[in-house]
Amino acid sequence: MTLRTEPVVVSIGPHHPSTHGVFRMRLTFDGENIIDAEPVIGYLHRGTEKLAEERQYTQVITLTDRLDYVSSMTSNQAFVLSCEKLIGLEVPDRGMYLRVIASELQRIVSHLIGVGFFLQELGGFGGTALMYAFRERERILDLFEMLCGARITVSYSRIGGVFADAPADFWPALRRVLDDMPGYTDELEALVFESEIVQSRTKGVSPIDPVLAVNASLTGPVLRASGVAWDWRKAAPYDVYDRVDFDVPVGANGDNYDRFWVRIQEVRQSLRIVEQCIEQIEPGPVRATDAMLFRPPPGDSYVPTESPKGELGFYLVSDGSIAPYRCHVRAPSFINLSLFKEMLVGWKLADAIVSLGSLDFNMGEVDR
Amino acid sequence: MYGLGVLKGFGVTLKNFVRKPFTVQYPEERSVQHPRFRGQEFVWYEDRCTGCASCAKYCPLGIIRIVTDPDGGHEQEGGDYKVEVFDIDQGRCMYCGLCVEACPYDALHMGSTFEGATTRREDLVITMEVLNERPKHPSTWFRPQLEQQAVDPFGGAPVDSGDAGREAYRWHPKRSEDAPGGAGK
Numbered sequence: 001m002t003l004r005t006e007p008v009v010v011s012i013g014p015h016h017p018s019t020h021g022v023f024r025m026r027l028t029f030d031g032e033n034i035i036d037a038e039p040v041i042g043y044l045h046r047g048t049e050k051l052a053e054e055r056q057y058t059q060v061i062t063l064t065d066r067l068d069y070v071s072s073m074t075s076n077q078a079f080v081l082s083c084e085k086l087i088g089l090e091v092p093d094r095g096m097y098l099r100v101i102a103s104e105l106q107r108i109v110s111h112l113i114g115v116g117f118f119l120q121e122l123g124g125f126g127g128t129a130l131m132y133a134f135r136e137r138e139r140i141l142d143l144f145e146m147l148c149g150a151r152i153t154v155s156y157s158r159i160g161g162v163f164a165d166a167p168a169d170f171w172p173a174l175r176r177v178l179d180d181m182p183g184y185t186d187e188l189e190a191l192v193f194e195s196e197i198v199q200s201r202t203k204g205v206s207p208i209d210p211v212l213a214v215n216a217s218l219t220g221p222v223l224r225a226s227g228v229a230w231d232w233r234k235a236a237p238y239d240v241y242d243r244v245d246f247d248v249p250v251g252a253n254g255d256n257y258d259r260f261w262v263r264i265q266e267v268r269q270s271l272r273i274v275e276q277c278i279e280q281i282e283p284g285p286v287r288a289t290d291a292m293l294f295r296p297p298p299g300d301s302y303v304p305t306e307s308p309k310g311e312l313g314f315y316l317v318s319d320g321s322i323a324p325y326r327c328h329v330r331a332p333s334f335i336n337l338s339l340f341k342e343m344l345v346g347w348k349l350a351d352a353i354v355s356l357g358s359l360d361f362n363m364g365e366v367d368r
Numbered sequence: 001m002y003g004l005g006v007l008k009g010f011g012v013t014l015k016n017f018v019r020k021p022f023t024v025q026y027p028e029e030r031s032v033q034h035p036r037f038r039g040q041e042f043v044w045y046e047d048r049c050t051g052c053a054s055c056a057k058y059c060p061l062g063i064i065r066i067v068t069d070p071d072g073g074h075e076q077e078g079g080d081y082k083v084e085v086f087d088i089d090q091g092r093c094m095y096c097g098l099c100v101e102a103c104p105y106d107a108l109h110m111g112s113t114f115e116g117a118t119t120r121r122e123d124l125v126i127t128m129e130v131l132n133e134r135p136k137h138p139s140t141w142f143r144p145q146l147e148q149q150a151v152d153p154f155g156g157a158p159v160d161s162g163d164a165g166r167e168a169y170r171w172h173p174k175r176s177e178d179a180p181g182g183a184g185k
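These protein sequence lines are chains D and X, in that order. As numbered in the numbering used here, residues 1 to 368 make up the first sequence, in order. As numbered in the numbering used here, residues 1 to 185 make up the second sequence, in order.
Below, a list of computed lysine to any residue pairs in the SDA-like style, where the Cα atoms sit at most 20 angstroms apart:
1. X/Lys15 - D/Asp186
2. X/Lys20 - D/Arg135
3. X/Lys15 - D/Met131
4. X/Lys20 - D/Gly183
5. X/Lys57 - D/Leu51
6. D/Lys203 - X/Val6
7. X/Lys136 - X/Gly156
8. X/Lys57 - X/Met94
9. X/Lys57 - D/Glu53
10. X/Lys20 - D/Ile140
Please keep in mind that the hints were generated in silico from the structure rather than gathered at the bench.
Modelling step: build the complete structure from the supplied sequences, incorporating the hints.
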C-alpha cells in the first residue's frame, strides 16, 4: 500500500522567534526537505525614503538611526558621507577619527548580536552565548551613551563631522573595554566555534558559490565567507580607513559556519582599527561647520560604505533646496536576501533557520 | 579528541558561572547614566527664550508648538515677543536632541529622566506651565558650558538660568543691560 503524499506549504513568521524582526518565510516542504522558499517582506515598511524627501538633510540623520537599528552609527556615517560629497565639505581629522572609532565599535556590537543569535537559532543551547554577547554589547552601548547620550538611536554624526568631541571620561572607559574585548572574543569563539556539535550542524550547510554571490550583488560578511575579499574600507577608503592597517578575513566554503566565523574575525580586526585610531587621533576641531541648514548645489552623490551587513550607501539627488529631492538607500540586508531561495532549497527545516540567521539581516533596513 | 570542543565550551560557561553578575535589578538598583543622557523632562528657561521657534523648525517631527505675542513687552530681542504657548508633544518625541542643538539662546535643554509613563496621551504633551514648575536639571548634551561646570543632572543642584548659557549669549548686543547676565555686567 502506498500513502498519498503532497507538498506542504508552511508559513514561518511574521512573528516567530527565529525571524529577525517581522519577516515571513513561505516554505514548501516535501517531508522535511525544502523544495521551495519565498521571503515575504514589507511588514516594517515606514517609508523612510519618502520621509527623507520632506526633511532637511540634518533631520534625515535621525531617520537613518532607525534603518538598521543594531548599527545606527554606520548608517549615520554613510548618510553624512554622501551629504558631504554633495555639499563639498572637508571634514576635520578628529571628526573623522571619532566617526571611525564609533563605527568600528558599532560593527563589534552588530557582529556580537549576529554571532550571539547563532546558537539560539541552532536550538537547544538556550540563550547562553546570546547573553554573553549582550553583556559585552552593553558595555559598548554605555560608551555610546557617553559620546552622544543615547544607546541605540545615536544620531552622533553630523554633516561635516560629529556633533561634539568625546567627553574626558570616554577615553579611559574605551581603554577598559578594549582591554577586555579580546578575552571575551576568545571565550565566545571557544564556546561557539570550537564545539563539535555546532560544527557538525553548520559546516557544509547552505553554501553560496562565489560566482553566484557576486552576480547577486551580495556584500559584506556573506560575500567574504564565500572567499571573495571585497571590503569597501579597502576598495574605496572613506574617512580614515586608508590610514589604518587591518586584514579582511575571508572564509573558504561560504557555508553557514564560515559566515559566522568571518564575523567573529572581523570583531578582532575592528579592535585593531580602534587601537590604531586611538594612537593616531590628535586634538583639534571635530566639526567643519556648525550649520544645520544646507542648500547643496543641484546634483547627485553616492558614497559606498562598509556597514556590518554589507555595502550601505545613500544615493542623494539635490535640486538645490534644503531637502533631498530623492534619497535612495542601498540596503545591504535587502540585497543579501536575494539568494534566499538558492540557499534554502534542498536543506531541512532546522537548517533553514540557521541559514536565515547567517545572512544577519535586519528588517528595519530590508523594509525601510 | 572528539568532544574536546564541547568540553572547552563547558569550561567557558563554568567560568561565567562564578563571575560577578553584570545585570542590575532595576526597580531596586539603578544603572548610572552619563550626564549627556538625552532623556525626558526637557528643561526650558522662560527668561532665556525669545520665541524664535528655531527648535520647532528643526524638530524632524514638528511636535513643538510655539505661539508668540508680538506686543508682549518681553525684554529680549528688542522687547518684542512674549512666548504664550510652548508645547512639546512627548508622545511623538524621539529624543534626537536637534531642538536643543538649534536653540541659539540655550533656553531649551534635554532632560535626564526616563520614567515618564502616563495613562493618558494628553498627559504626554508638556506645556509651558509644566516646564516652568519643573526643577531645572538639564542634561549636558550639546551644552559644553554645562560640561565645564560639571553639572550632574542626576541628583546635582538645579541650574540657574544665568549659568545655563554660552558666554556669547551674555554679551548679546540686543539684550538689555540690566537683565541678569546682560551686556552691562
